[in-house]
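Chain by chain, the residues run as shown.
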Amino acid sequence: MCLGVPGRITEIYEKSGMMMGKVDFGGVTRETCLDFVPEAQIGDYTVIHVGFAISLLSEEEAQKTLEMLREIDAIGEELGLYDEPQVGHGEQAA
Amino acid sequence: MKFVNEYRDAELVRKTTHEIRRVVTRPWVIMEICGGQTHAIVRHGIDQLLPPEIELVHGPGCPVCVTPLELIDKALAIASQPNVIFTSYGDMLRVPGSGRDLFSIRAVGGDVRVVYSPLDAVKIAQENPTKEVVFFAIGFETTAPANAMSVLQAQRLGLTNYSVLVSHVCVPPAMHAILGSPHNRVQGFLAAGHVCAVMGYWEYPPIAEKYQTPIVVTGFEPLDIANGILETVKLLEAGKAEVGNAYARAVTLEGNNPAQKVIEQVFVTCDRKWRGIGMIPMSGWCLRPELAAFNAENKFNVEGIQSEESPLCIAGEILQGLKKPHDCPAFGNQCKPEHPLGATMVSAEGACAAYYKYGR
Ligand code: SF4
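Heads up: the sequence lines are chains A and B, in that order.
Taken in order, the first sequence gives residues 1 to 94; the numbers are from the numbering used here.
Taken in order, the second sequence gives residues 1 to 360; the numbers are from the numbering used here.
Hints listed in this document are in silico derivations from the structure and should not be mistaken for laboratory results.
All C-beta atoms, glycine included, are put in the ideal place defined by N, C-alpha and C.
Be aware that one or more of the hints could be misleading.
To be verified - With the Cβ distance kept under 7 Å, some of the chain B side facing chain A (calculated, not the full set):
#  : residue
1  : Met1
2  : Tyr116
3  : Thr143
4  : Ala146
5  : Val198
6  : Gly200
7  : Trp202
8  : Pro205
9  : Ala248
10 : Arg249
11 : Pro258
12 : His326
To be verified - The list that follows gives simulated cross-link-like pairs (lysine-lysine, DSSO-like), each with its CA atoms no further than 30 Å apart:
#  : chain 1 : residue 1 : chain 2 : residue 2
13 : B       : Lys2      : A       : Lys64
14 : B       : Lys234    : B       : Lys299
15 : B       : Lys261    : A       : Lys15
16 : B       : Lys240    : B       : Lys336
Claimed, not checked - Here are some chain A residues the structure puts well away from chain B; computed CB gaps all over 12 Å:
#  : residue
17 : Glu11
18 : Ile12
19 : Lys22
20 : Phe25
21 : Gln41
22 : Ile42
Given the sequences, and given the hints that come with them, work out the whole structure.
Right, here's the structure in full:
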């Protein structure tokens with residue numbers, strides 16, 4: 001119930017007094033209530049819970065996090081940290 | 001898919017966990033509050049990628065798991081009535097009450113329907129004016145705005161045959177209960193990303209401060225979780241009881257204002273019993289008195305139900321981070337997903353079900 005998944009808004013319209021939209025989850029489209037994200041625009045990515053968009057995803061923040069983690073990775077590489085034997089099941093994370 | 005694939009990059013996850021290995025100097029117990037994260041951690045094997053110093057314990061953030069038994073029994077009593085269409089999120093159907101579940105009510109002719117969204121339940125009420133349609137409104141802050149909106153929508157449409165059986169729970173009071181317990185083992189928290197998407201995380205600094213426990217807002221993909229753990233370990237190692245946000249693409253400090261407004265319009269804070277844990281003061285939401293017409297507990301006479309929990313089940317201790325599923329003698333033998341004794345074996349977000357499914 002709490003595993004909100006991000007999808008892309010492809011359509012916005014009004015229905016029964018609510019702001020509704022079509023959201024595409026990698027090929028599957030679902031009708032979603034957009035009342036909680038009134039600033040939403042077509043093309044925005046949003047997290048959906050039980051048929052309601054609860055948050056719009058920020059591209060800028062997403063990039064910042066990824067860059068920060070990639071940078072850590074570069075430092076680690078320089079220190080030769082990743083030469084040690086692997087632990088766990090890294091491939092499961094794919 | 002965008003905003004998903006980048007966060008499942010196995011190489012980056014591995015390197016992030018290596019970074020955790022690099023910064024950690026001593027043992028730490030970290031709790032992920034959210035059952036969705038418990039599931040993701042076990043599914044992606046993140047627990048096995050972590051250095052031995054880090055112990056993850058699993059929190060009470062599984063809505064199906066903490067819905068009190070009395071309320072499940074009330075749901076069963078309402079769903080058994082002849083003129084009722086009982087609607088619920090799918091996970092709730094197999095949750096054992098004292099002796100039976102919603103599935104078994106359906107098997108003997110009860111009209112129990114799974115809905116994806118509470119708005120679907122409102123639609124069913126519109127289409128069935130001669131029936132009473134009841135929606136089992138459970139969950140944390142994530143589902144509250146949706147459940148609240150269904151009540152407002154029913155009111156707008158003038159429906160008198162729609163009501164909700166409410167069992168809403170809130171995360172911050174549960175954190176207080178866990179950290180304030182004399183048995184507490186938790187030293188750092190991963191806060192539930194989507195709860196924070198709705199509520200923001202401004203409520204957390206006083207909790208971090210009071211219990212000297214860092215809290216990091218964390219998302220749901222493997223890289224999000226690894227990053228949340230890394231941030232928490234860094235704060236722990238630095239001795240900083242601060243609040244971090246490792247899920248900034250979806251969560252802001254203030255949270256979602258329109259959603260909070262709708263919650264406030266419909267719900268009011270109340271004491272709430274958590275299954276397996278017990279009463280936590282001011283830890284839930286119930287319907288505002290002026291919306292009593294939509295309260296299923298008022299509409300149907302379901303008082304005085306006696307509830308009985310399986311004596312074997314230790315889910316309460318698991319949900320507080322005191323025990324792990326394999327500490328339970330029933331785990332995997334008397335208790336399996338096909339015949340669960342406790343709610344944590346039912347829901348995909350329950351720790352027992354996750355451990356069973358992924359062979360921990
Ligand atoms: S394994 Fe079953 S009986 Fe044991 S704690 Fe988990 S849900 Fe309860």
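Status of the hints after comparison with the structure:
no.: 1; hint: Met1; in the structure: holds (4 Å)
no.: 2; hint: Tyr116; in the structure: holds (6 Å)
no.: 3; hint: Thr143; in the structure: holds (5 Å)
no.: 4; hint: Ala146; in the structure: holds (4 Å)
no.: 5; hint: Val198; in the structure: holds (5 Å)
no.: 6; hint: Gly200; in the structure: violated (11 Å)
no.: 7; hint: Trp202; in the structure: violated (16 Å)
no.: 8; hint: Pro205; in the structure: violated (20 Å)
no.: 9; hint: Ala248; in the structure: holds (4 Å)
no.: 10; hint: Arg249; in the structure: holds (4 Å)
no.: 11; hint: Pro258; in the structure: holds (5 Å)
no.: 12; hint: His326; in the structure: violated (19 Å)
no.: 13; hint: Lys2/B with Lys64/A; in the structure: holds (15 Å)
no.: 14; hint: Lys234/B with Lys299/B; in the structure: violated (52 Å)
no.: 15; hint: Lys261/B with Lys15/A; in the structure: holds (21 Å)
no.: 16; hint: Lys240/B with Lys336/B; in the structure: violated (41 Å)
no.: 17; hint: Glu11; in the structure: holds (17 Å)
no.: 18; hint: Ile12; in the structure: holds (15 Å)
no.: 19; hint: Lys22; in the structure: holds (14 Å)
no.: 20; hint: Phe25; in the structure: violated (7 Å)
no.: 21; hint: Gln41; in the structure: holds (16 Å)
no.: 22; hint: Ile42; in the structure: holds (15 Å)
Checked against the numbered hints above, the structure breaks hints 6, 7, 8, 12, 14, 16 and 20 and satisfies the rest.
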